[in-house]
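Undergrad: Next come the chains, spelled out residue by residue.
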Amino acid sequence: MKNVYIGEILRNEEIAQDCFLMRVALHVSFIDPRPGQFVMLRVSGLAEPLLSRPFSVCSFERQNRSCSLDLFYHVIGRGTQILAGLLKGTQVEILGPLGRGFEVAGHKKNIVLLGGGMGMAPLIYLAMQLNKDACSSSSAMYFYLGAQNAEAVIGLEQLKKLSFTIFTCTDDGSMGEKGLVTQIFLKDLKKFVPGETMIYACGPKPMLSALAKILQKTKYPCQVSLEERMACGIGACLGCAVAVKRSKKSSLAYKRVCADGPVFDINEIVWK
Amino acid sequence: MAETKSISMSVKIGTLKLKNPVMTASGTFGYGGEYADYVDLNKLGAIVVKGLSLKPRAGNPPPRIMETPSGMLNAVGLQNIGVHTFIEEKLPILRKYDTNVIANIYGETYDEYKKVAQKLTSAKGVHALEVNISCPNVRKGGLSFGADPKSAAAVTRKVKEVTGLPVIVKLTPNVTDITAIAAAVEKAGADAISLINTLTGMSVDIFTRRPHLKNVTGGLSGPAIKPVALRMVWQVLQKISIPVIGIGGIMNAEDALEFLILGAKAVQIGTANFINPQATIEIIAGIERYMELNGIKNISKLIGTFRS
Ligand SMILES: Cc1cc2nc3c(=O)[nH]c(=O)nc-3n(C[C@H](O)[C@H](O)[C@H](O)COP(=O)(O)OP(=O)(O)OC[C@H]3O[C@@H](n4cnc5c(N)ncnc54)[C@H](O)[C@@H]3O)c2cc1C
Ligand SMILES: Cc1cc2nc3c(=O)[nH]c(=O)nc-3n(C[C@H](O)[C@H](O)[C@H](O)COP(=O)(O)O)c2cc1C
Ligand code: FES
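One line per chain: the protein sequences are A and B, in this order. For the first sequence, the numbering used here begins at 366 and goes up steadily by one. For the second sequence, the numbering used here begins at 3 and goes up steadily by one.
So that you can see chain B by itself, here it is in the shape it has in the complex (with noise of 0.2 Å):
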């Protein structure tokens, strides 16, 4: 179609440029290439990979997921390669496309951050950091960095400080007032904030009656806890002014419109890579459609048209 063509689904997220506002969510697309079979990678806004850490880690003991009612509980526990093993095996595979590669970032201490974001910065072929502070700080007895708007902030600044690369913060909604933190975040130099991570749940089987999940708790994802990620994505966006990106149960370009349309510059797909692997695929060229239909030509006059 000729008409197509003069779409234009292009964002910029700080220094990033998408060529659509479709990424894959940490985690949830591996390390990119477990997907190369089924997605033709150059197609995608940005590829996000599983979170990374200065060593490799084990993660935690099966069973690690439970499906509940429209979601899913997952307690993976951060398994990894390990910074090192991820720019000598993977990074090289993923130069070969033509996308944005979004290197996922956490660690234990403040120190391990910046290492983990120094290792990545001087590696070719990363785009910008996603800082994941939804992870215990092993300093403050366990509490997640991500639920205290000082611990946040700082984290912030200590990846700022060692790398010229856009810094994305990756927020938690496991906390009492989200807007407080992406306001530290945004003072502490963040270019971007996503959100959200996964909600922490639980599920009991009532025929053992022990926990579904070895780890007892897990992170619930999937179309359950979309109305609480389009919720803080809009109060978060009230709050502060750099670009946000939107996570949470997008299953389909509906879902992923609800979220532009409310100010998201881009969005993440999760779970439903798990469902279709071509879900991405699939809801970009919803968008297109949806943009087509409603005469857009530029998605920049559609993100942000919320009415309230």
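With the rest of the complex left out, here is chain A (with noise of 0.2 Å):
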């Protein structure tokens, strides 16, 4: 039987504004996540939040005897808060890995990541599979990192170390070009073709939506993660419902973002 996980917190510090890095050890039988997996987590013996709150996966290593899970949040309530004060040594509990990652397609040409924000944290974890991947291959990389200013950017330090042509950008100019993620990409797309593309994305809504209408009718592949509010993490009690598109009838339809997510085709959602 599957079963939630005790994990104690190796290091949780801030490493941004308001950005946090958490290093979980968990024991070896702890099962390698796909990048673009997530993991509910709550603080052991917490009765407040209530719900467990959904992480991504940011990464994962194995060593001899354990293994350690980093994740990368940003503070912006209740539970974020009350993780923000926890020291070494605290114990949380883990369920996961959970969700269907992304497909990690290494053969392609080229690979464009767009990361906005904490959506960075699903993004690094699939740019490290990608460089190992890309070792044997010969795709060129791109990431295209977006971050209200420079005290927001997150993720850069990681990045640096694997064979990425990074482009960043900021809303005030702080750091790098001025300008949303978004449309700096835009400016680049023609260098790009589409059967020899794979876009993956994670980052606010209004920033995915904005990638979706810029591909709407071109024919690039693109993986987005979404998030939604969860509660069980496990496809069970339909609450982290999200619009998808449905060819037959005209009537909208939902999937679960924890069970048939987080991550989805970009054309599949509907964007509003």
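None of these hints come from the bench; they were simulated from the model. What you are looking at is a predicted structure, and each value in this text was computed from that prediction instead of being measured. Using N, Cα and C, we set each Cβ at its ideal position, and we do this for glycine too.
Under the rule of at most 25 Å between Cα atoms (straight-line distance), these lysine to any residue pairs were calculated in the SDA-like manner: (1) K584/A x K610/A; (2) K610/A x P65/B; (3) K610/A x I83/B; (4) K620/A x G84/B; (5) K578/A x P64/B; (6) K620/A x P94/B; (7) K121/B x A60/B; (8) K367/A x A255/B; (9) K453/A x H392/A; (10) K620/A x P58/B; (11) K216/B x R594/A; (12) K57/B x G600/A.
Cβ pair distances, simulated, as ranges: (13) L551/A x R211/B: 29 to 37 Å; (14) S12/B x G410/A: 28 to 36 Å; (15) S124/B x D498/A: 48 to 56 Å.
Starting from two chains that each stand alone, build the complex the way the hints lay out.
TA: As structure tokens, then:
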């Protein structure tokens, strides 16, 4: 039987304004997450918040007798405030890895990643995986990284170790180009041939919806990772619904972000 | 342990025999299979599946859930695959397990309730029906069937007419006098009553000044509703003599024991499954341990031992 894992916090540090990196030691039996998968996390023994919170796997390493999981999180509410105050050695409960991850298409000639804000978390893990695969292929890999300002840029350190061509941009121009990540990407779009390209994206809804608009009438394949409030994380409560297009009927249909996603084909989603 | 073997936890709800009094609550355990990796389903007293309607339903637009103090609001909107797909695709999986399958049903008209009940009765592997009467009655302008003793009794009678399966009627707490509904439903032939469904609630986002849920209102569940559920179970128990199944905010064995001591023959576990997928199994073990510690060999010697 699968069960909740008890993990021990190895580090929990603020790496950018209100952004924390948490490393958790887990039992060796924890299954290797695929890029794009997530975990449900709660503090052991705490009744509040009631529901566990979903976080993407940002990195995962396996040692001889244990493994460690890295999470990037943004302090935005009660649950993440509590996380930010946790000390090394605190026990957390982790359910996962959950969801269907990205389809890793290392064979494509051009691989393009677009990350905005906390959307960087799953993309860093994906980038590491792609980097491994790409060593044996001739893919060219590009990373478009966006943030509000220079202080909010995360993941750059990790990315610099990989063989990506990196473009950074900020809303206020305090680092890289000034502008939205989708605008910077749009300028380069023509450089990539649809059939030889795979695009991956994760970030705030407005960013993904802007990207969907850009790609709407093109043939670029694009996988996006979505977020929605969750209760169970395993497909049982139907709380994490996302509207998807329906081919046959005109009526709306919903899919579960936790179990049918969190990664979807960008064209499948109804963006409002 | 040899001693635990002599402990009997089995209970009867009408003609339905359960190996223990712990079931899953509708809508919180999917169609059962979702939890098969986490829970040995054979150990459950019963699995109550997500509410089924005649036709598949898309449900409400997101956001559908919001956490509130010691609880959560949900406005899933009874999204489900429909009774036909359930019978074709989900029931064969459930039949493999040695547990009772209780189908939670609902309709927007009396006729819909009847048709869903009929279909499930002729399908192999359904052991009882739980009738959700909290949903809006389209003919009565959206007022729920369960809000009025007459329509609650009418739904019960219609379902009883078409099925030989035990019929459990699930009551909504969003009424002035739940005992009047319970009495009406008993008189109409219900084999048992389960309560409570969620309490209607709201939550406001002070930054956008909009509701947190797209549907504006939602159903409150979790620890926050347990005292209300206990009070309602207690009131209903004094009014009727058919078995009562307690639901509402049960997070652990202690919570379940409160309902059993009051007189509930069985309990359902809802929101707790989200927080700990093995909650049901831990609750069964916890009740057993309590019985052991207190020298109770048969659970019937525990149920209804409340001293007021
Ligand atoms: C699959 C998935 C992966 C995620 N990965 C990460 C990650 O790697 N790093 C990270 O910082 N965050 C991630 N999130 C979002 C994270 O779960 C929420 O930020 C967190 O639950 C907020 O908890 P809180 O108690 O601090 O905030 P709350 O007090 O619960 O809410 C504060 C605000 O955040 C919004 N919110 C709450 N939960 C979610 C949610 N699940 N998705 C989107 N908005 C939400 C609320 O609407 C509210 O406006 C992910 C979400 C999902 C679904
Ligand atoms: C997400 C969710 C979905 C639910 N769906 C149904 C349903 O389809 N039919 C029904 O009768 N009750 C439904 N309920 C109500 C539960 O079965 C239960 O009565 C309620 O949640 C109170 O129990 P709890 O506090 O243990 O969760 C649902 C509850 C939740 C939280
Ligand atoms: S969070 Fe429960 S179904 Fe997705």
